[in-house]
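Using our numbering, the letters of the first sequence correspond one by one to residues 37 to 918.
Check each hint, because a few of them may be wrong.
Stated by the list, open to error - In silico SDA-like cross-links for lysine to any residue, where the CA-CA straight-line distance does not exceed 20 Å:
#	residue 1	residue 2
1	K215	K266
2	K65	E89
3	K908	N665
4	K908	S683
5	K582	D607
These are calculated hints, taken from the structure and not from any lab test.
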Amino acid sequence: MTEKLLLIDGNSVTFRAFYGLINAVERFKNTEGLHTSAIYGFKLMLDKILADEQPDRVLVAFDAGKKTFRTKKFADYKGQRSKTPSELTEQFPYVRELVAAHGIKTYALPNYEADDILGTMAKEAEAQGMEVVIVTGDRDLVQLVTDKVTVLATVKGVTEIERYTPAEVAAKYGGLNPKQIIDMKALTGDSSDNYPGVTKIGEKTAINLLTEYGSLEGIYAKVDEMKKSKRKENLINEKDIAFMCQDLARIRQDAPLEITLADTVYAGPDEVALRELYQKLDFKSFLGQLKANTVEVEFDKSLAIIDLATLTEALPQAKEVNFYLEMADDNYHTADFWGFAIQIDQQVYVSDDVLKITEAPLKDYLENQQVAVNVFDLKRTLVGLNRLGVKLSGVNFDLLLVSYLLDTSENSNDLGKLAMLHDFYGVKSDEEVYGKGAKRACPEKDLLLPHLATKVQAIGQLKSQLLNKLKANEQEILYEEIERPLAYVLGQMEIAGIKADPFCLKNMQTELASRLAAIEADIYQAAGEEFNLNSPKQLGIILFEKMGLPVIKKTKTGYSTAVDVLEKLQDQAPIIADILEYRQLAKLQSTYIEGLLKVISADGKIHTRYTQTLTATGRLSSVEPNLQNIPARLEEGRRIRQAFVPSHKGWEIFSSDYSQIELRVLAHISGDEHMQAAFKEGQDIHAATAMKIFGLEDASMVTKNLRRQAKAVNFGIVYGISDFGLAKNIGKSRKEAADFIAKYFENYPGVKKYMDESVARAKAEGFVETIFHRRRYLPDINAKNFNLRSFAERTAMNTPIQGSAADIIKVAMINVNKRLRQEGLQAKMLLQVHDELIFEAPKEEIPVLQKIIPEVMDSAVSLEVPLKVESKHGITWFDTKK
DNA sequence: GGCGTCACG
DNA sequence: ACGTACGTGACGCCG
């Protein structure tokens, strides 16, 4: 079989990798501040090419320095190039190290460029009958293409690649053969290499000349016979230049290399060296791949797989176990069980028969509050076991939850991947063992059981390390007194579910269907044709091309047809109002009515799942379905809430919400006297702000409009204000918005001070914190890129506010749950919507709830300002009124 | 699977 | 000068 030699232009590919990732350059840094983007991009390219090409031999060539025989010949060669940024130069040594660690030779030759090394090697290999593939970011190298030599040129970034064979060279360059490319460059010159070529000759002319005369030599042999023209003159006058350029453009194939083909044999990577390098560079994902793909996962040698009899014997004495329950998919309310593993000291019991958990001794053990159970994803385990009739209690360590608290941005749900982030490489990723997406399936026992065994083992292995970090971060209270108990509360809420009335939804569905059909018909009529109204692309063409309406805003992919755009166009065509109405109703129909009908369980209830380890700020989120974004603002949509009803006759829905919790948190953490005073005195905060920023002397002067604007400013402050953002929001000029902000900070100087300090702290420490020490790291806070940095700065201002509010309601939920039990009430907490808790309760309990729920909520924490809670109730969620 | 859009706090 | 509000999830389209 023909041998294959892979030749890589190390300099050119590294440059491409660097500039391909230039927008993310500050995101790729190791802990020592070394930039790693180009190394990373190079690695991606290398992996892809090695996998695609399967070479027998590989060589990566680099430039030895700036001075070469070309600069000697022509002092300005590459003279125009701006200085290579230090962010890139610092990466070159590591690219070479990376290549070496892959078991690949690197080579540079003084006085020559990398190209010349490749050209020489390619020629030699071809003479030996080898097939050659050259990888570069530089199209000049296509001159080396032959039947045996292919050039791969990176397109954008480095993993997208263009392949040049002789046929493709001809197709791309008007029928020229690869060797003619040299003469083409001689004629056209090259602005990036900074050699001139012949005046007024560009690619087209060069191709025509070469097609007619064959070569540069051919052209000059016949130049005198050409008919008189400026071009002829230029050719004659610049003959010397043309031949000099030809010499500069020609890649050498006879460079005096000190290496031979024998040095290029590719044996494969040196794992030890790679691991060391990845660790140094903080390439966690590559580190993970390395282990997962190359190291057969083995059990701890001292670990024994035991049978049920041994487990039964060991369990009663065990003070602590690690436990892992596997299910078929994310939705633990319904997923099939695949198996479980339990570890006691050095012994592991693993089974695909989950019914074993439902009887003694396992059931008793897991339900015993006195013993410590360590798990991965407490809430998931809790709800899963509940379906098996087992009431899990006494959970001590939750690997997922603790890991999330340590760094809210690392929130993988995959135990294997998460363990790798903490430098534990013994567990394969679920994707690898089970497959991805629709292909995910339960593997054979001989694959499944070892995987579960390694998972349960990882939980125990990581426990002390992560708990120590938690302690170092002062996050023990956050974990032990907030998040861990909250998991039980959330589990109960999810299991309880909220009753939904399918008939109510179906009635709305029928009504909406006919209204939608009518509006749709009107729109097609007005547009003069039918099209897909749900396609922003097609709608854009109708509005902005066919109807010629002015384009207000563009998106990456075309015209924007978002609400704010359409509202500006409303006066110009009657079709716009119809489109807006259609959009509103279509949203209700597809997302809410049809969406919710799909997720009503057999028990007539909707069981959402709260993701406790996802958001960067510490809020919960809600999925399948999301019950935190049920329409509320518009009456039309609010009616969806009529479908949310109590699960028993004679019961009601009861809800309590914090009023302006985020601004109260801001008043507290900023220590701003004026804002605190406003809350202490029970003032309307938006009106108070209006008086301050508009300089009003009396509350009676606050008009609705002024209050609305002040409210927008208050919101803006919480989000990490910018004049631009505020201006856009309230439809004022940027100058006016800037004025409002300045006035705001004059009147609330403590707030200004807080904003500055929060950013300063983030810059100094790399993270910000909430009142309960929930952390968010902000790696971009010192970025050179304005956008990244500004975003991080706004985040530094917003996260302590949003996150502390999240902390507070979490504490409230735990306390409310406890209080309901203490009072022996039947009322159940069902939903949380960030600043609001929703319950169902027998009608008789409503007066009690009206008293105790606000009491518990507003005493969840003690702030410098009071917390205010408002309650409502009614026969459906829609009907909840004061 | 990414994008645009729109629902919530 | 730079281009921007903070945090989410679900839907339909489209390549």
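Evaluation of the provided hints:
no., hint, verdict
1, K215 with K266, "27 Å, violated"
2, K65 with E89, "30 Å, violated"
3, K908 with N665, "19 Å, holds"
4, K908 with S683, "18 Å, holds"
5, K582 with D607, "17 Å, holds"
Violation of the numbered hints given earlier is confined to hints 1, 2; the remaining hints are satisfied by the structure.
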